[in-house]
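Q: Take a look at the letters that make up each chain.
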Amino acid sequence: MRRPDKVDKELSPVPVNTKAIGKTYEPTTYAVGREKIKEYARAVGETNPLHLDEKAARDAGYADVVAPPMFAVVYSSPSVAPSLFDPEVEMNFAMMVHGGQEFEWGPLVVAGDEITTTASVKDISERDGRGYYVFESVSVNQRGEQVCRGTWTNIVRGV
Amino acid sequence: MADLSAGTQIPQVRVTPDKYLTARYAGASGDFNPIHIDEEFAKAVGLPGRILHGLWSMAQVARAQTEAAGGPATLKRLSVQFRGMGVPEQEVVVTGTVREASDGRVIVDTVAEQAGNQIIRNAEAELQV
Numbered sequence: 001m002r003r004p005d006k007v008d009k010e011l012s013p014v015p016v017n018t019k020a021i022g023k024t025y026e027p028t029t030y031a032v033g034r035e036k037i038k039e040y041a042r043a044v045g046e047t048n049p050l051h052l053d054e055k056a057a058r059d060a061g062y063a064d065v066v067a068p069p070m071f072a073v074v075y076s077s078p079s080v081a082p083s084l085f086d087p088e089v090e091m092n093f094a095m096m097v098h099g100g101q102e103f104e105w106g107p108l109v110v111a112g113d114e115i116t117t118t119a120s121v122k123d124i125s126e127r128d129g130r131g132y133y134v135f136e137s138v139s140v141n142q143r144g145e146q147v148c149r150g151t152w153t154n155i156v157r158g159v
Numbered sequence: 001m002a003d004l005s006a007g008t009q010i011p012q013v014r015v016t017p018d019k020y021l022t023a024r025y026a027g028a029s030g031d032f033n034p035i036h037i038d039e040e041f042a043k044a045v046g047l048p049g050r051i052l053h054g055l056w057s058m059a060q061v062a063r064a065q066t067e068a069a070g071g072p073a074t075l076k077r078l079s080v081q082f083r084g085m086g087v088p089e090q091e092v093v094v095t096g097t098v099r100e101a102s103d104g105r106v107i108v109d110t111v112a113e114q115a116g117n118q119i120i121r122n123a124e125a126e127l128q129v
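Quick mapping for you: the protein sequence lines, in order, are chains C and E.
For the first sequence, my numbering gives the first residue as 1, with consecutive numbering after it.
For the second sequence, my numbering gives the first residue as 1, with consecutive numbering after it.
If you're looking for bench data, these hints aren't it; they were derived computationally from the structure.
Do not rely on the hints blindly, as some may be mistaken.
Claimed, not checked - Below, computed lysine-lysine pairings styled on DSSO-like, alpha-carbon distance capped at 27 Å:
1. C:LYS36 x E:LYS43
2. E:LYS19 x C:LYS55
3. C:LYS38 x E:LYS43
4. C:LYS23 x C:LYS36
5. C:LYS36 x E:LYS76
6. C:LYS122 x C:LYS38
Stated by the list, open to error - To spell it out: a stretch of chain E is covered by chain C in this simulated footprint if at least three of its residues, at any positions, have a beta carbon under 8 Å from a beta carbon of chain C; those stretches are:
7. 60 to 73
8. 76 to 90
9. 99 to 106
10. 111 to 119
Claimed, not checked - Some chain E residues close to chain C (C-beta under 8 Å, calculated; not the full set):
11. ARG24
12. TYR25
13. VAL129
All values derive from a computational prediction rather than experimental measurement.
In this text, a Cβ means the ideal position worked out from N, Cα and C, and glycines have one as well.
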């Protein structure tokens, strides 16, 4: 015999709103500063002189200090943050956790680069009473080379 | 560069985030969510206290890979799942094991834990060496 609570759950419609899937946001451009790279590198404990010393970076053939790969968070956030707060996405922040993150990197970013990032809603789905909100960011440098693609997965409990 | 043949463990990264780390990382990253920097706010929303930024913890996992493989250019992809909560003033340990290595392409299974709890799990890194 099926329990009433189970029947209710099966009959209820999928509670996440999927209409924002595919929505793309206005690109943002981030100018990468030398001291910002150093500040970020120190905060995450990097000791590689490529991130901290412009002379070491130049001696290694780079134009200026090199951003640690995870600096992608810094240059892509101005584009990703507004997508998370988009009312059309209907993500319940009170119940949200950052569930997963992927980055795929291309050429390294160095101080002086200008990185343009475009965010989009990749997927919205529901499984086992949890909503999965997946955003994508694509970042290119001033030469049009893709330096990073990010996949940001947020999980909302009790949708 | 560390030995990155299949089955070997990459050198561990061990780091203890100090009391003010979350404030410095907030400034460096731009993520000022009060659960990371405001003890009272964090407790008011049911957390044990301020928690680490997941993306800072992910940066430690990234650093373990680039230090093992010889620099930032080696890290081509990193995917992680955030689980549990990291807290300041407790050592974070990143470990990893090379799953595959062929033609300079290395796949590492890696995690970050704190006091035995995984705060980053099911992470996979792809390195070009």
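Q: To test your reading of the hints: which numbers does this structure violate?
A: Hints 1, 2, 3, 4, 6, 9, 10 and 13 contradicted; others consistent.
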